[in-house]
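Undergrad: Fit chain B to the known structure of chain A by using the hints.
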Amino acid sequence: MRRIISHDDFSNGHCGWSQLVGNYEDDLDTMLPGYAQHTSAMLSTLGHWDAGSHGGYDSSYALKVATRPRAGAQNVAIKRLTTRHRSPIRFEMYFTFKPEANELKLSETDVRSVGFLFDLQGGDQDNDSERVMPHLRFLNAENGRHLQKWQFKRETTAFRKIGTEDKTESHYHLANDGWMDLPDGEQKLCYNEIATKVNWSYLRFDFDLRSMKALEFQCNDRVFDMSGFESIRIPAMKNLWCMLNFCVFAETDTAKRTFLYINSVCISGDF
Amino acid sequence: MLPENITAVIARNETWTGVSTTEPYEAGWAREVVMFVRALKDPVGDQKTASVEISPDGMHWMQEGTDIELPKRKNEVSAARISHFGNWLRLRATMPDGTSTTVLVTVHAKA
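If you read the protein sequences in the order shown, they are chains A and B. Mind the numbering: the first sequence is residues 180 to 450 in my numbering, read in order. Mind the numbering: the second sequence is residues 4 to 114 in my numbering, read in order.
Since the hints were derived computationally from the structure, they do not count as laboratory data. Don't take every hint at face value.
[As the list claims (entries may be wrong)] In the DSS-like style, the derived pairs of lysine-lysine whose C-alpha atoms are separated by at most 30 Å in a straight line are:
id, chain 1, residue 1, chain 2, residue 2
1, B, Lys44, A, Lys346
2, A, Lys340, B, Lys77
3, A, Lys340, A, Lys417
4, A, Lys328, A, Lys258
5, A, Lys258, B, Lys113
6, A, Lys243, A, Lys376
7, B, Lys44, B, Lys75
8, A, Lys243, A, Lys367
9, B, Lys113, B, Lys51
10, A, Lys284, A, Lys328
11, A, Lys243, B, Lys113
12, A, Lys328, A, Lys243
13, B, Lys77, B, Lys113
14, A, Lys346, B, Lys113
15, B, Lys44, B, Lys113
16, A, Lys340, B, Lys44
17, A, Lys284, A, Lys392
18, A, Lys258, A, Lys340
[Claimed, not checked] Not the full set, but computed from the structure, chain B residues with beta-carbon under 10 Å of chain A:
id, residue
19, Met4
20, Glu7
21, Ile9
22, Thr10
23, Arg15
24, Val22
25, Glu26
26, Tyr28
27, Phe39
28, Ala42
29, Pro59
This one's a predicted model, so the numbers in the text were calculated from it and none came from an experiment. The beta-carbon is built from N, C-alpha and C at its ideal position, and this holds for glycine as well.
Isolated chain A (complex conformation):
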């Protein structure tokens, strides 16, 4: 779109993509387990034991989000901005994913999912303010079944109070339940023929910050109908005005690390 809000290609740093840390008060033990498992994103050349560095699309480096080696483990990287203008915005990235190549097998069903989400809230003077969280994930596999389809989510888990001062609460919106199939959302992505060969895929998600509705979603050669898409919507929170957060996440289906690699992210707006 007309205005580039940020363009990150990870050839000169993490570009503000940091670890999604959970809320806590007084003691880190109060952090929800879903967040406690998160670790810091890395800059990687996609170095493989059998072929060396794969490299990025246009530089040596990509952002790497790695899960722990435990079935169902997740990890998230986040970029935190605020809104200057409520307009349509566009999120684009080149991404790929693989399991850790610790077996001489294709391992195409070891990655459960990779995806992204926005975490949005209107301004403090707006009349329609809600916290709106569009989520999309590519459900690659579950319980060994190679499903390969896009899903969205419209409900989060219940909020829990954190600590005793009534200032902080938390919800784990990436829980594995509540995901719904995007209509006609089946898509076979290029996975390639051994665990260390990767191919970059293109993704584009257009979202209108005025109506807080999805406009269009594209992955590689497919453009999906978003008329059946819904976001998680919850009442506005007292300290998140104009929030404009972007997250990317990975989830493993087996006791093997899943790696999500982001070559580049471009966020633009129609203003």
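TA: Then chain B, alone, in the frame of chain A:
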């Protein structure tokens, strides 16, 4: 252009017993790293050392040669300076029976 410099948390509020390691961390772009360990709670039992490990692939590990004294009490910090590590780093501790520690391990990497 200022050189890249990043702080990464590679273990947060993790309680180590027996053989414990941080998750692998890639920092091939960095020439030097300082790795800090802070005890978030009072450790249980005598605290020994943890070993810095390096790897060619993030899967096969060997000792780099640097050890870090594990903190003896809550909020004590220990550290090691590391260079020429290639790409992969992690910290490994073997906690004797009956001992444990809850740690925050951070990597401070500089290009």
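Undergrad: If you check each hint against the structure, which ones fail?
TA: 14, 17, 24, 27 and 28
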